[in-house]
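A.B. asks: Next come the chains, spelled out residue by residue.
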Amino acid sequence: MNILSINCHTKSHGGKHRFLHVQAMKNLECEYGVNIRKAIKDILLFHEPKPQKPFILTEASQVGKNGGSRGSEETGDRKRKRKKNENLLLKKYDEKHSGQGSGGTRTDISTQLSENLNVIEEQFSLPLNGDLVIRKFRINVRDSSIEAFMVFFDGLVDTKVIDDDILQPLMLLSSLDIKGEGEDILKYIRSHIVPHNQLKEVRTHQEVIDAVYFGGCGIYIDGLDTAFTADVKDFPGRSVEKPNNELVIMGPQEGFTESLRKNTGLIRKRLMDRNLIAENIELGKRSKTPCAIMYIRDIANDSLVSEVRRRLQKIEVDHIMDTGELEQFIEDDPYYPAPQVLSTERPDRVCSMLAEGRVAIIMHGSPYALVVPFTNNDILYSAEDQYLRFPYSNLLRIIRVLALFMSLLLPGIYLAITNYHHEMIPTDLLLAILSAREKVPFPSVVEVFLMEISFELIREAGIRIPGPIGPTLGIIGALILGQAAVEANIVSPILIIVVAVTGLGSFAIPNFSGGFAFRILRFGFIILAALSGFLGITVGLVLLGLWSVNVKSFGVPYISPVAPRTRGGFSGAVLKSPVWKQELRPDYMNAKKDRKQPEISRRWIKRGTRNLKSDSGNENDQV
Amino acid sequence: MTRFKLMTAVMMIVMLCPLLTSCFDAREVDDMGFVIALGLDKGKTNDLRMTLQIAKPTAGETGSGGGKEDDLPYVQFSVEAPSLFSGLNMINTFASKQISLTHIKVVVFSSELAREGLGQYLRAMIRGREFRPNMPIVIARNTAEEYLKSVDPKLVLNASKYYELVYQSYRYTALIPKVEFHDFYLATESLCKNPVAILGSEVKFTSAEEFDIKNSTYREHGRTVPFEGDFLAGDIPALGGARSENIGLAVFDGDRMVGELDGTDTNMHLLCTGEYIHSYWTIPDPLAEGQYVVLDIKQKRHPRHHVEIVDGKPVIHITLSLEGDMLAVESNINYESGENSKILESSVESYTREQTMQYLEKTAREFKSDICGFGEHAKGLFTTWAEWEAYQWKAKYRFATFNVHVNFNVRRPGLIMKNEATISSGGGSGSK
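Top to bottom, those sequences are chains C and Y. Position in the first sequence (first residue = 1) + 438 = my numbering. Position in the second sequence (first residue = 1) + 31 = my numbering.
Please note: incorrect hints may appear among the correct ones.
A short, non-exhaustive set of chain C residues, derived as facing chain Y with CB atoms under 10 Å [to be verified]:
id	residue
1	K479
2	I481
3	H485
4	E861
5	P906
6	T910
7	I958
Subject to a maximum C-alpha distance of 27 Å in a straight line, what follows is the list of computed DSSO-like cross-link-like pairs (lysine-lysine) [stated by the list, open to error]:
id	chain 1	residue 1	chain 2	residue 2
8	Y	K128	Y	K209
9	C	K990	C	K1044
10	C	K476	Y	K36
11	Y	K192	C	K877
12	Y	K36	C	K479
13	C	K877	Y	K331
14	C	K990	Y	K36
Keep in mind that the hints were calculated from the coordinates and are not lab data. Backbone N, C-alpha and C fix where the C-beta goes; we use that ideal spot for every residue, glycine too.
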């Protein structure tokens, strides 16, 4: 305030007093945080759009972040480099976490076992935490007996593995003859005594704590300033079952579970691509939920991967529970009705999307994986489209497009026609509607709202009814309610059909969130149609189109390939060609490798040329 | 107030504006009365007597209702008014629902009104957005009110369906012309064509004893017995069904009615314009007196027209190409093959030619009105539009001479390949 008044003062030349007075008055209102005059100007006048740099997915760009620099290496030590990178990331996190305010933790493990024990007890809030187990034991090596203890969470570990593969060798078998020279006990224990497949040496307490939280056990040995962590996790959870919500008839029947490693395992067993990467990331400052970013390194665009990584790393939240929340954290436009991230339960679907050049995000504790980027047409695709022959899947897609339009527009069109555009209906139908509506006391808008809302009620109630009554009640509710309403002359029978078809249409959309989008928009269209008939519906469609054109999903425009048009045009948008004709990856993915099949991918087909060798290698065969 | 809240407040105020329109134009379907037929007569006290048939909502459930004698699917109102739309206002003094003209299926004029000229009513209807351009125009021989009153559809539940179907019968009977309101209007202001309208009337006979054929035109056609088309509307000896009938056409010159033609002439009219689709013809048997051959005639290809101007008078050459299926041969002569088939074909050709010439002469000499639209083919003979206008085709049509050539083939003999004689106990062929 003071500076402003000084400004007023210094500007005061003769003749400008009134302006300054007004200016000072206006400045007084800045306790509201905004200047009214400035606000009006902001609203009414045109402003140059601020130069923002939204993330746009372009052709293989080099980005100097972690993942990008190694894009060009193809040969040799990919695995080693990858592992090194993983460790690099882990280390960065460790440094970050250990650097952040946990200055109380003594970072280094001391050689004194009792000190270590104290630190552990303090960090894990013993004796408050009832499920942490500390097992003290002694290791017999040569002629000395060393004290040691093991820490783990009961319930997260496989106790049999601990007993057989860690405790038993350390306690019992360590007194066997030592082969080889007497060197480092550490090395000796590590390489000779503990027959466990994932044993790591760590130097800081934080690493042990992290490992224990993730289902490992920490082993501290007196006299060593490093500790061991072993991965013995056996999280309680579901085994791999059928996916609950994405059922297909022809196709694999496996679905993700709540465990991160099981999920990444499901993907890896299906896609043994040498370049499939599963990067680790930790989300949530306090929940420390491990996540994995999966992509195929030499297909997925580097800038896409680094954008995904960037968005995940920059989420600051205490606890994050499920990929549903994660989706809302990372999507481009949270207000847009349709989802911009694909959420799927099926590993085969994730694998085919990874092969197209997309990136998958898997979170521990959630059976849904997120796949980005996601476009409008993906709402229409189901997992089965790829596995069926192309006439069948094209038929299904056409039906789904119809279902989509019906679920969005049918009640609106019915209202528009019966209220405004009577000349569009054939006279027979008009007279039928008329005679049905004669008995109904409400105007048609009220009828439509009544039926739509009761349909949504039935749908919602049907989800929560327990057991076998659920689906039955849904059917009975709908039928009987509808029938009774017609008999009571509250609604007309034509409207029951309209509402039922609309509801069916919204069920036919394979993507669950996508179906919701159209359910919400449908109400908007009903209101618009009731207000101004087809004009209202057109305005609504134009507005929706304007909005959709602007939305991007991780840099890919949402309604590609319709707009902007890309190579291949609309050919893959709604109808799909047979599998052996899908030679190129979608252009809007900007993958590093465009071609996934050569032009002739079925080489068993005989052709006239003599230049192609047949499979049998016999050059005399005409191939 | 943060910027966001300010924006939201402004947006809400802006969004209230469409609510002020309060669904301005919306009308519930059951608040409107839909007119399905419009009849215009000369009024006693005023210029016009307007008759409206308004559809009653179909009695919903099947099985309840139905079967009552006077349970018509429509109601009919008549009112005298100076013009079309003022009549609507007057009807709404007692009809509860708002009248909507968007579903009119037919417009009926009385012949009295038609002879005075329909221009003013056509102009009102072509301007209005509600009138459908494909409505048929019917001229009622008595009054439109009686014609509309006599419509009593027995085969359909829904009156509008009746109207939709009955005027489409030109496709398979060729006894009424193809008339659509928009074409009618265009023909009234065209230089080369004159409009036609369907002729309709109520049935005169209430029982079979009253049948008589004194009004039939069969004698003009040189026959001893009336064929199916030799009647004007209202004269057909038929009972049951609806009490109105449509056969024949009304000839117009400009917007004024100048004459009527019966069913046979309408058949030839459709042949000459190329709108003919198919129908059943009864031809006198060429080799057996008093018996008939019934054929299902279709167009093989569209008729070819050629117009010349000789001494300022039009000379019109028409080539009709027809083909037919044999439906019934009453005698036992083998028309299916050999010489007889050629005899049959040439007999049909000459029959057609004769009837067509009669029809064309009638339009030219008696009515002086080119209803087939030969002017279209004459347009190409003039180099500029001004010359064409100056020629005045419609005035010169009365001097036209015609030249009709018919090609006819029998295509299918039905399921019988060779006609055999019946043999009875008297020996020999039992039939005449």
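A.B. asks: All hints, please: hold or fail.
C.D. replies: We went through each hint and held it up to the structure:
The criterion of a C-beta within 10 Å of any C-beta in chain Y is not met by C/K479, whose closest approach is roughly 12 Å, and the hint is violated. Nearest Cβ of chain Y to the Cβ of C/I481: about 6 Å, under the 10 Å cut. The hint holds. A distance limit of 10 Å between C-beta atoms decides the matter here; for C/H485 the minimum to chain Y is near 13 Å, and the interface restraint is violated. The closest approach between the C-beta of C/E861 and any C-beta of chain Y is roughly 4 Å, which is under the 10 Å cut-off, so the hint is satisfied.
Nearest Cβ of chain Y to the Cβ of C/P906: about 36 Å, over the 10 Å cut. The hint is violated. Hint status for C/T910: violated, given a least beta-carbon distance of 29 Å to chain Y, over 10 Å. Using the Cβ-Cβ criterion of 10 Å, the hint placing C/I958 at the interface with chain Y is not satisfied: the shortest such distance is roughly 17 Å. Only pairs whose Cα atoms come within 27 Å are accepted, and Y/K128 paired with Y/K209 is rejected, the gap being roughly 33 Å.
Straight-line distance between C-alpha atoms of C/K990 and C/K1044 comes to about 45 Å, which puts the hinted pair past the 27 Å bound. Between C/K476 and Y/K36 the alpha-carbon distance is near 15 Å, which keeps this suggested pair within the 27 Å criterion. Taking the CA atoms of Y/K192 and C/K877, the gap is about 23 Å. The hint holds against a cut of 27 Å. Between Y/K36 and C/K479, the direct Cα distance comes to roughly 16 Å. Compliance with the 27 Å bound is thereby established for this hinted pair.
Restraint check for C/K877 and Y/K331: not satisfied, since their Cα atoms lie roughly 54 Å apart, outside the 27 Å limit. Between C/K990 and Y/K36 the alpha-carbon distance is near 26 Å, which keeps this suggested pair within the 27 Å criterion.
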